[in-house]
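J.: Next come the chains, spelled out residue by residue.
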Amino acid sequence: SEDQEEIQEAVRTCSRLFGALLERGELFVGQLPSEEMVMTGSRGAARKYKVWMRHRYHSCGNRLGELLGHPSFQVKELALSALMKFVQLEGAHPLEKSKWEGNYLFPRELFKLVVGGLLSPEEDQSLLLSQFREYLDYDDTRYHTMQAAVEAVARVTGQHPEVPPAFWNNTFTLLSAVSLPRQEPTVSSFYVKRTELWDTWKVAHLKEHRKAFQTMWLSFLKHKLPLSLYKKVLLITHDAILPQLAQPTLMIDFLTRACDLGGALSLLALNGLFILIHKHNLEYPDFYRKLYGLLDPSVFHVKYRARFFHLADLFLSSSHLPAYLVAAFAKRLARLALTAPPEALLMVLPFICNLLRRHPACRVLVHRPHGPELDADPYDPGEKDPAQSRALESSLWELQALQRHYHPEVSKAASVINQALSVPEVSIAPLLELTAYEIFERDLKKKGSEPVPLEFIPAQGLLGRPGELCAQHFTLS
Amino acid sequence: MGKAKKVGARRKTSGAPAGARGGPAKANSNPFEVKVNRQKFQILGRKTRHDVGLPGVSRARALRKRTQTLLKEYKERDKSNVFRDKRFGEYNSSMSPEEKMMKRFALEQQRHHEKKSIYNLNEDEELTHYGQSLADIEKHNDIVDSDSDAEDRGALSAELTAAHFGGGGGLLHEKTQQEDEEQGKAKSRKELIEELIAKSKQEKRERQAQREDALELTEKLDQDWKEIQTLLSHKTPKSENRDKKEKPKVGAQPAAQGRTARLLTKCWRSAERLRRMLGKDEDENVKKPKHISADDLNDGFVLDKDDRRLLSYKDGKMNVEEDGQEEQSKEASDPESNEEEGDSSGREDTEESDSPDSHSDLESNVESEEENEKPAKEQRQTPGRGPTSGKGRAGKAAGDELPYTFAAPESYEELRSLLLGRSMEEQLLVVERIQKCNHPSLAEGNKAKLEKLFGFLLEYVGDLATDDPPDLRVIDKLVVHLYNLCQMFPESASDAVKFVLRDAMHEMEEMIETKGRATLPGLDVLIYLKITRLLFPTSDFWHPVVTPALVCLSQLLTKCPVLSLQDVVKGLFVCCLFLEYVALSQRFIPELINFLLGILYIATPNKASQGSTLVHPFRALGKNSELLVVSDREDVATWQQSSLSLRWASGLRAPTSTEANHIRLSCLAVGLALLKHCVPMYGSLPSFHAIMGPLRALLTDHLADCSHPQELQELCQSTLTEMESQKQLCRPLTCEKSKPVPLKLFTPRLVKVLEFGRKQGSSKEEQERKRLIHKHKREFKGAVREIRKDNQFLARMQLSEIMERDAERKRKVKQLFNSLATQEGEWKALKRKKFKK
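Chains as they are written, first to last, in this note's numbering: chain E, 10 to 486; chain R, 4 to 840.
Be aware that a few hints might be false.
[Unchecked claim] Which residues of chain E face chain R? A partial, calculated answer using Cβ under 8 angstroms: (1) E118; (2) K121; (3) F181; (4) H329; (5) Y333; (6) Q428; (7) S431; (8) E442; (9) I448; (10) E464; (11) L471; (12) L478; (13) T484.
[Unchecked claim] Once the Cα atoms are required to be at most 35 angstroms apart in a straight line, the calculated DSBU-like pairs of lysine-lysine come out as: (14) E:K421 / R:K784; (15) R:K730 / E:K456; (16) E:K421 / E:K393; (17) R:K193 / R:K207; (18) R:K207 / E:K455; (19) R:K452 / E:K456; (20) R:K740 / E:K240; (21) R:K38 / R:K784.
In short, the hints are calculated from the structure, not lab data. These numbers come from a predicted model, not from an experiment. Virtual Cβ for every residue (Gly too), placed ideally from N, Cα, C.
Sequences are here, hints too, so could you generate the full structure?
T.: Written out as structure tokens, the structure is:
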């Protein structure tokens with residue numbers, strides 16, 4: 010059937026029909042025998058009917074699962090809702106015998122089908138996944154989604170040697186949609202109606218959820234993901250994933266791998282690592298060395314500059330860092346500031362000054378009263394290890410150079426080091442997002458008290474006097 | 004009656020005990036007579052007046068006083084007649100006894116000389132001297148004498164008194180006593196007076212001579228100056244500089260004064276520029292606005308010049324020439340003064356320190372200046388004298404055809420329609436005539452019209468620049484008009500420029516937001532930036548127009564990736580502009596260094612060494628990473644160094660590969676030249692080698708590769724050596740010493756000690772009232788006590804009187820009894836005798 014309308018009608022009919030059958034219990038319960046066997050066998054007609062109907066139900070489920078990959082979104086949506094209805098009804102009227110009293114029964118196979126359909130390797134299912142998101146509010150569906158997702162990932166990665174990015178995207182969308190409740194809920198909310206709750210059920214415990222959550226993410230992250238996904242994962246790592254893991258330190262593999270990728274990813278990975286170190290007692294000796302390595306001239310020009318410095322400020326906020334380390338950072342930043350645009354300078358100069366304020370031992374960088382005169386800067390910019398960079402022997406001459414920056418505010422900001430630094434730190438939060446356009450607008454709006462000063466050398470032509478640079482190197486013709 | 008008088012009397016004499024107290028207290032130091040008032044607490048700084056009392060003495064004094072006053076009154080209580088002394092001045096306490104004697108004597112004399120009778124002629128005989136009675140003089144002298152005796156230590160000098168009081172000198176003093184030597188005395192007085200007159204006359208003469216001398220000197224100086232001035236009009240401005248100092252003192256003719264004023268304005272302006280460059284707060288220059296108003300003379304000055312040019316060319320020419328020279332000399336001496344003076348607030352100072360220095364500086368520039376002068380002059384004159392200038396024949400014809408008056412355009416379209424389709428000369432003439440016809444002095448609303456004209460012209464310039472091909476020649480000439488208009492209306496001009504800059508930035512910002520990166524804007528924005536540089540002083544620490552323009556330039560260099568050869572040309576132009584902006588202030592531009600690094604990078608063929616890291620607009624790898632590499636040997640060989648054309652920046656349409664290669668090499672040459680220009684400029688920066696490190700690495704690369712033409716290689720080599728030769732000393736940084744924070748001290752609370760109790764903390768009036776109440780109370784008590792004592796004294800007196808009277812009576816009664824007894828005795832004896840008989 011090609012017509013969309015027809016398909017939709019058919020899906021609706023099926024869902025109504027099998028829904029009714031399930032409620033009435035007219036489907037075969039227990040291990041399903043094969044169709045031919047039952048048909049040929051000499052059992053009662055009722056049993057034959059039930060087995061047959063069960064087989065039809067089964068094939069209908071399969072067909073609906075296929076329809077989840079249909080090009081039309083209406084069809085997909087309908088198929089999904091039909092399937093979920095089946096899940097709900099089947100859960101309430103299980104198709105297998107309960108082995109003992111209080112046995113937890115859930116239509117796992119059917120649900121696996123749903124999740125498998127959602128995590129399609131071929132196409133982007135993000136719209137459908139956002140529909141599916143509402144079911145994740147229920148404890149049982151969430152728990153089983155997590156389990157099913159693990160299996161789906163294992164299956165797909167096992168089948169395909171080259172996993173298509175669409176699958177990863179779908180998986181990530183599904184995974185990121187899962188969020189655990191912060192504390193043990195008093196009343197579990199179940200999608201499948203339950204008459205009574207048993208304490209032995211795993212679904213009812215947050216701890217089990219956490220375990221499932223952890224296995225889900227780890228099984229996902231152990232694979233080689235596309236770079237864009239790394240970024241997305243890292244962005245939510247610190248507030249969505251890490252706090253809900255049963256054992257957050259297990260993330261270290263993933264984070265160190267991300268850390269070596271360079272650029273913004275390493276920075277984000279460092280953020281995750283920082284949380285592990287800070288909150289979960291992780292030992293990671295290379296942390297600051299990695300951060301130091303991230304400082305290169307492009308850091309002032311990239312889009313994630315604000316985030317970078319926000320995090321760097323966070324990482325360096327401890328007052329227990331060794332002086333050599335802070336000095337190396339300050340010196341490195343000052344060196345980089347020599348290539349920075351004004352909007353970045355306005356942020357990084359207070360940043361450096363804050364470092365010096367936090368660590369009085371580093372004040373020798375700007376105040377060394379009886380130091381010997383040196384022939385060259387002892388600081389080694391090529392050195393990877395901050396401990397070896399000899400930053401503490403140096404001085405921040407770069408800031409002195411920046412006092413002659415063309416922009417008045419930068420010049421003022423750099424001149425702060427001429428006086429003894431004031432005690433309170435300058436908050437750099439409002440400076441992080443500063444753009445050149447904002448500076449421009451601010452400068453335009455600023456009103457001088459005096460009338461606008463004018464050039465007193467009369468203009469002679471567009472290129473100016475013959476001695477000037479423009480006239481030297483450019484001609485009008 | 005008695006009370007008031009008594010109190011008054013007591014008060015009157017209250018001065019006496021104060022004086023008397025000291026004497027007796029010291030005189031009798033009998034400890035038994037001293038009463039010590041013990042103090043409970045020793046209080047520092049309190050003056051005690053009553054620590055020691057002398058009860059005996061004070062009692063005796065009080066008693067004495069009472070006997071003198073109260074007792075007298077008491078004794079005369081029933082008497083109504085009064086004894087009065089009617090001698091002159093007897094009761095006048097303000098006269099000294101001597102004065103009194105004098106007056107009395109005079110009065111007596113007067114009475115003596117009064118005519119007894121009008122018929123007695125002989126009595127009137129009086130000796131006179133110069134119409135004055137000798138007797139009078141004598142008397143007068145006498146008075147003076149007595150005066151001078153008293154005022155011997157007065158502040159008046161002897162001479163003065165001599166002049167004014169008729170000679171009371173010390174010499175004369177003795178003589179006047181004797182009447183015999185009256186003659187001699189008169190003579191000496193006369194002599195004295197004559198002497199005085201002579202002296203004053205001499206003084207007057209001297210003063211006049213001095214004044215004449217000064218006048219002569221001034222005239223002479225004026226003449227000298229005139230001569231020098233005539234010389235000056237043909238000579239270099241150096242001599243003028245030299246003479247500048249003495250001129251203000253002389254105060255010569257108005258023409259020269261005007262020039263001085265202008266020169267001074269120039270000096271002042273450069274000093275002012277320096278001040279703004281250093282970003283000093285202008286608290287010391289309070290009178291600045293005044294100077295601006297003197298500066299405002301400037302806009303009149305521009306227009307004056309225009310008029311003058313039309314009237315008499317020669318005069319105008321001279322003027323123009325001088326202006327140019329002055330300005331160039333100023334320009335040349337500016338950097339000098341920059342380095343020399345950290346903060347020159349007084350313009351005189353700058354001027355004086357400038358002038359000796361600038362000579363050597365000028366000398367070196369002379370040739371180039373002389374060259375420059377001619378074209379400059381022509382350029383300046385063409386707009387004004389379009390019709391008459393040599394080449395403007397066609398222009399003259401055109402000028403004749405054009406109407407002489409133009410209404411100021413109300414909209415941009417109007418201006419455009421006026422100017423479009425005309426030749427360059429015509430356009431300029433039209434613009435000039437619009438300005439003239441609508442000069443603010445002619446009508447009320449013209450100011451606003453011309454202000455608008457500036458905006459329209461700016462827009463027109465932008466349009467011309469975006470045209471294809473851009474009409475740069477017209478822009479070149481229009482810039483002068485823009486400058487003039489800007490000088491007239493700084494506020495509106497700056498607003499207009501800000502507006503176009505904001506437009507350009509806004510466009511770029513939008514592009515960055517939508518696409519993530521921007522492309523280098525068209526030629527119009529670059530030309531606006533260049534015009535900004537021409538109109539406003541770019542060396543200021545902060546300037547309402549220039550600072551945003553700098554940010555704009557920085558954006559152009561950081562946000563716009565270089566994708567084509569056209570972009571390279573534009574970028575280099577921006578670099579050039581940037582360097583011009585900071586030419587005077589020598590400020591540091593990180594973006595520029597980055598951009599030059601990028602230019603060198605894309606011109607390097609094999610990126611073997613990675614000693615440098617590129618920043619944003621350039622990528623280390625990619626299709627544009629070898630944009631400036633020239634591989635064709637032949638093109639390299641045929642290349643000749645030339646300056647880049649701005650036309651290439653706008654529409655570089657498919658040049659041949661050879662041309663493109665030549666442009667590439669030229670770009671590289673310009674890049675290297677700019678770099679070379681940067682090296683000495685930033686040589687003094689403390690971290691110069693850190694800044695130039697990556698560039699140095701690239702330059703060594705360039706040198707290693709020999710595919711470049713000879714000139715470029717030499718340029719590379721020289722830049723490199725210059726870079727290496729920049730010596731650098733790394734002196735450790737130190738903070739300025741901050742003042743030690745003083746310990747917190749508690750200043751003592753100062754409380755006014757009041758005469759009465761401790762009732763502090765009320766208002767002044769209240770305090771005063773309380774003080775008066777207190778005083779009144781005390782005085783009242785004192786008065787009551789005194790009255791009581793008076794009464795006691797009186798009672799004592801009355802008692803003693805009564806006692807005396809009783810004793811007298813007793814004595815008298817006794818006497819009577821005695822006499823009676825004797826009488827009785829005698830009588831009895833007589834009787835007895837008689838009886839016996």
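J.: Output the indices of the hints that this structure fails to meet, ascending.
T.: 1, 2, 3, 4, 5, 7, 8, 14, 15, 18, 20
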